[in-house]
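**Q** Next come the chains, spelled out residue by residue.
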Amino acid sequence: MSKPRVAIFDFACCEGCQLQIVNLEEEILNLIDLVDVVEWREAMSEQSHEYDIAIIEGSITRPEDAQKLEVIRSRAKILIALGACATIGGVNKIKNNFDLNEVRECVYGKDAQMPHLNTEVTKAVDEVVEVDFKIHGCPIEGSEFAQIIRSLLVGKTPFVPDYPVCVECKAKETICRYEYNEICLGPISRAGCGAPCPTAGWRCFGCRGTVDDPNVEAAQEVMEKYDLTVDDLKQKMVLFNTK
Amino acid sequence: MSVSTVTKEQFKSFVAALVDSDQNVVGVQAKDDKFAFGELTDANALRLDYDVTILPPKKYMLPQREALMNFEVAGAAESVQPDEKMVLLGVHPYDMIAINQMDELFSQGEYDTHYMNRRNNITIIACDVVTDSKNVFAASMNSATCDTGYDILLTAIGDAYVVDAATDKGQALVDMMSGANEATDADLKKREAVHEKNIAALNKHELECKPSFLPKLLEKAYDHPVWEERARLCYSCGSCNQVCPTCYCFDVQDEVNWDLKTGTRCRAWDGCLLTNFATVAGDHNFRKKRADRFRHRLYRKGKYVPGKIDGQIACVGCGRCVTACTAKIANPVEVYNTILETTELR
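Those sequence lines, one after another, are chains A and B. Letter 75 of the first sequence, counting from 1, is numbered 286 in my numbering, and no numbers are missing. Letter 256 of the second sequence, counting from 1, is numbered 246 in my numbering, and no numbers are missing.
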């Protein structure tokens, strides 16, 4: 059996999630043994239109990017969204809170009207094309990426948690931020990261998006129990969870 | 077997010697402004005056994640069996009672060699509670004190400990304690006073019935409005499960290695409050509603598990779920009392 051909593409992002793949170091050699990487701008110069698995990093912000993504989708048997920008739109969606003309002026100044800077409302990859698998996080966890890829190669549905970050905080005996009356997005955010932010004394920033069934109705009453408000909560959600 | 008394200084020397030996010693230590069981490398770090640990000591018998076996894909498999010996220092009575229940559950029916091997390799030095935690209700659950399961039970009386060796393993450790003298009647009276104090004090939430009545009470509560009233605020985060000393459900996952020919089967803690706990083949979830999952936990503690272990109630009143629940809905005493107050009992 020939090896599956993999192509990695990036759109609006910092390319940090691709870097996490490169950071697998020795493990990347195992990966390369199992697949043919036919296109990967960050790591090689070859290009190809023939691939089985397309890995998409970044969010979609321009009409030409959406068109390019649709072509990739039509060529790939499996399409994987890689990292928060691709899976949920990520920090790029912050701009969706503002007037797009103002955003262009603010970011690009006198070049704002240049045609290649015609950015529109930011979309996650699955708002443009069908996505088969999501590898969450800002950035992704290298070990989780490896586990998901191995699962796919052996024909097994990859395990992706649909439980909140609280599960991982409890397992590590991280003290809950709510015990100090501080907002944390952990109770509504998808786990899989191992809760590094709360463990380091921060709140959960929600970079994996919400769980499939977050309890939105509970927010007001629960926040009141900590002398906090839903607005406090929403403010913390702007960074990664803007619609 | 003996009941002796040692000064706290002498006990500390004993712990220091234990730490310096080749034994794996685990004890309660401060973690920021809380406490946690962890590997002990300095006798001075042991905090037997702790109130409650973030996680119960079950993590040493049933780790958060453990390998069960290594396998070849579609081929042979070899069980991975833990064999590390450990001295576990500072188990509170309510946690001891929970461990006793887990021992029964994991050894009945299909004997769980992974759990039982770990358990049988642990020597437990339990200790009576010195400081009551903010949500403890062990007294309501008859678990403010305990009398079985440990190898040694320590009770702090002023500057000394009463050291009760209950097994040969425990006695062997007591024999290592220099300065241990037979406990006097006065010492034993002081120990009795500690027990009486704890039976009164470890009761921050008071159950309005005997725990043994809970299975009967729950027979009438399946459709009670309390489940929906509370669960509407539930985040399904499973924190109540994770911190519970008697929650033992786990999920089993296979991970394949880079050769795609071999792999490891692992088990990791699961929790019945998590959305997909009851999702089975075909993506069918038979406890899809938050209220159904919320009810299930309270039924496990008060009815289902007691049915497996001669009526012992599977809530020991440690109060960890009360503290861990972000929505502040998990308190079993509040739930059971609500049902008691609103249900016609004949």
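Be careful, since some hints might not be right.
Said to hold, decoys possible - Covered stretches of chain A, going by a simulated chain B footprint (3 or more residues, C-beta under 8 Å): (1) 237 to 249; (2) 261 to 270; (3) 411 to 424.
Said to hold, decoys possible - Simulated DEER-style distance windows between Cβ atoms: (4) A:GLN324 x B:ALA258: 36 to 42 Å; (5) B:ALA258 x A:ALA254: 29 to 35 Å; (6) A:ASN392 x B:ALA176: 42 to 48 Å.
These are calculated hints, taken from the structure and not from any lab test. Heads up, the beta-carbon is just placed ideally off N, CA and C, and yes, glycines get one too.
**Q** If a hint holds in the structure, say so; if it does not, say that too.
**A** Here is what the structure says about each hint:
1. Chain B is given as covering the segment 237 to 249 of chain A, and this holds because 5 residues of the stretch bring a CB closer than 8 Å to a CB of that chain, at least three being needed.
2. With 0 residues having a beta carbon nearer than 8 Å to a beta carbon of chain B, the segment 261 to 270 of chain A misses the requirement of three or more and the stated coverage is violated.
3. Judged by the Cβ-Cβ criterion of 8 Å, the segment 411 to 424 of chain A is covered by chain B as claimed, because 3 of its residues qualify and three suffice.
4. Our hint of 36 to 42 Å for GLN324 (chain A) and ALA258 (chain B) is violated, since their Cβ atoms are close to 54 Å apart.
5. The hinted window of 29 to 35 Å between ALA258 (chain B) and ALA254 (chain A) holds, with their beta carbons roughly 33 Å apart.
6. Distance hint for ASN392 (chain A) and ALA176 (chain B): a CB-CB separation of about 46 Å, consistent with the stated range 42 to 48 Å.
In this structure, the earlier hints numbered 2, 4 are contradicted, and the remaining ones agree with it.
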